[in-house]
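Below, each chain spelled out in residue letters.
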Amino acid sequence: MSPFLAQVERDLMIAWQNRQDLGVMLIFFVIIIALFPLAIGANSAVLDPLGVPAIWIAALLAILAGFDRLFAQDVRDGWLDQVSLSRLGLGWYALAKAISHWLTAGLPLLIMTPLMAIMLNIPTIQWPPLLIALLIGSMGLTLLGVIGAALAEGSRRGGALMALLILPLAVPLLIFGTLASQSADGIISPHLMLLGAVFAVLLALAPLVAASALEIGETETGL
Amino acid sequence: MDNRNQSKKAITPANTASDDGLLIDQLSVLRGMALVISKLSFRQRAGEICCMTGPNGAGKSTLLRAIAGRLSIAEGSITCSVPLVYVGHNDGLSGAITGRENLAGWAKINRLLATESDIDTALAGFAASRFSDLPVRVLSRGQRRRLALARLALAPSDSLLLLDEPNAGLDQASNDSLDQLVRRHADGGGMVLAATHLDFAAIATPRSLHLAGITAGMTAGKSSGLTHGGIE
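In the order they appear, the protein sequences are chains A and B. Just so it is clear: in the first sequence, position 101 is 101 by the numbering used here, and no numbers are missing. Just so it is clear: in the second sequence, position 195 is 1195 by the numbering used here, and no numbers are missing.
Incorrect hints may appear among the rest.
As the list claims (entries may be wrong) - Cβ-Cβ distance ranges computed for the label pairs, FRET-style:
hint	chain 1	residue 1	chain 2	residue 2	range
1	A	L205	B	R1141	36 to 42 Å
2	A	L208	B	G1032	24 to 30 Å
3	B	P1135	A	L164	32 to 38 Å
Hints are computed from structural coordinates only; laboratory data are not their basis. Please read these numbers as outputs of a predicted model, since none were measured by experiment. Every residue gets a Cβ at the ideal spot worked out from N, C-alpha and C, and that includes glycine.
Bound-form chain B, shown alone (with noise of 0.2 Å):
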């Protein structure tokens, strides 16, 4: 039961071929009865890091999760030929266990050979082996984001990562450790695209997508309503 790459129902395998990366194909999604992505294409090849910026409730997590599957496609097409590793609003811990035995299991779900110093150092990335081997559920907000951050640190190289506002609650410290390690996985032909607020990865950053929002929804029959923000 491997679903990495394959499962996700709009992936039509005929684009596959064509190149690594990603490629959105007039993409819609629906939350609930209301559209919040419509017509969107995209396309990320290998070694490029994209910030999607655009204001609350223009379908920045929405593409994200619709991206790593975990949300429904009403029409159009995903294809992503790389791993994908997704940190979201959650974090994907457990409060009941340490951090790093979060770590580990996380590693070993995804057969990533990852040893106890190769945990080490990517807990090390994030300031974290101080407080790796408390329960989560004695952790601050910014800490068990900074947990959830280290993952990033084990992941393939060519896998695309997938970040919904990770430096929300995040120090200074850890906002640059995390500048340092999209562009170190941007560099060794890995992908990024993030949803974010802040200036992440400003100084690095060769591409933007920007989400306008459809306001569809709030005046109905202006046509103009469904376009999108284009891709720069």
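With the rest of the complex left out, here is chain A (with noise of 0.2 Å):
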């Protein structure tokens, strides 16, 4: 088994064993969505165009909400140590952590998420377009947010410090991501391409800027 492969199976092991988390993070997304109705009031007009932003919303926050801890436990146990010297290298470190966390928080969400549409009355014909854009959008917060936690782990103030600095860099997501689920002309609209490619942009450069990140963040403040 690669390096790589490896270290995803390792996130995966903990992250059963810490599965209550993940039930934790599913009540945080339900919560949200039903607080909308709650505050708006029960007026179909209003409520029915926001069913979208809701979804897109509640899942934002509950896939950063799970951030803060991403490498703290692995610097704190001395697996980072462990990482830095072994055949796998930082850069796919952040990859396999980026790619656990979203098979643990991401993909139950979008499993969540019909059930979340039929609450909201959303129109069957909206789920397809829906379901690709938050797919796509899922992974691209995921990837933010390795970003994101991998600079907040350099300083000792991690978690708030980490939300100032992604919400404003997932506005494109959100923005291209919403569109895209609304769109009206079939499921590959120009705004899901555009997704794909602030995506695409945050693949390639999540993992590098997080391998630095941890390198710079572990070097300079010595432990």
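Take the two lone chains, each set in its own frame, and fit them into one complex as the hints suggest.
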């Protein structure tokens, strides 16, 4: 087995042992969505156009909420020291982290989404573009979160700083994602392509940025 | 992204051809604003065991982390031509999974071909088989240490073992196992560099490196502060 797959396997094993975190994250997702109708009131003329944006905002918050501990545990345990000396390399390590985090956070959200769409009365014709856009968007958000978590690792006040760094960068994903989800011209809309372009850029950059952030954070601050 | 030997910033490829082993040349390391290691030169060849001694804060852990590439170097160079295996203050074990899973994962990310029986042997070397299938978070400090040290049994035979207080929290039997393992590794052509307060491997220590520590921070302007203990 390659070092890369071994790292993914390790993270999935750890996530399975901490599986109650997944439940917390899903409940968080459902509650944010449930708050929208409660706050706006039972007026379907106002509520109907808000269904898709509500799902996107809830997904964004739920995915990014899990990120403050992404690297922290490995740094505290000393695993990052072992990774940096291994045949894996910090870039592949960051990508492995992104994949395992998406599998344990993004994918469950995606599976929950049809249920939420029923709850928000989103017409079934809108489901395919919503799910496709959310698939790409959640992977992009995960990569952004990896960058933020790696940058925050160098500083001591991780969580709050990370939210400040990452939320503005999530704006393009949110804009293209919501537009692609509500597209009237089929699943493959121009907005979806732009969303895919943002994802492609993040996929290329995130491992490199995260690797250098982890290297700098570790070497400059000492321990 | 294979960064085992070459990615450390200060490693100068020009020096690597000369000899196998570890070469430290005029090394200075800063931590924060404090100079912890100043102009240290040191050489270690295959088959040698070296014990670092010195008071707390003399820079033993700093030197090991610098060799492992986890600290940036202010000046000088570190050249190492063999794989590094580092056991530091943190054991590098995840509390959520078992000791065996931790050890197998470590072998895999290092591309070491460790079969189930290799891992069994490594665990048995530190009498860790009994608790290796429990989640690491329920284990004691010494038990975790033994799992971390079990890695050394899987290390490539030519590797340099960087051990930071390896016997902290170990019982006598594990101490003896560590002594044996270190000597076997050196006999097989590997190198060991250990920071230790105890008499670990004392029987078989051909060399020692004493870090006297730097007093410059306390007595600024006193030029003799920037000296290091020599190498015997």
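Which of the numbered hints are not met once you compare them with the structure shown?
Of the numbered hints given earlier, the structure breaks none, since each of them holds.
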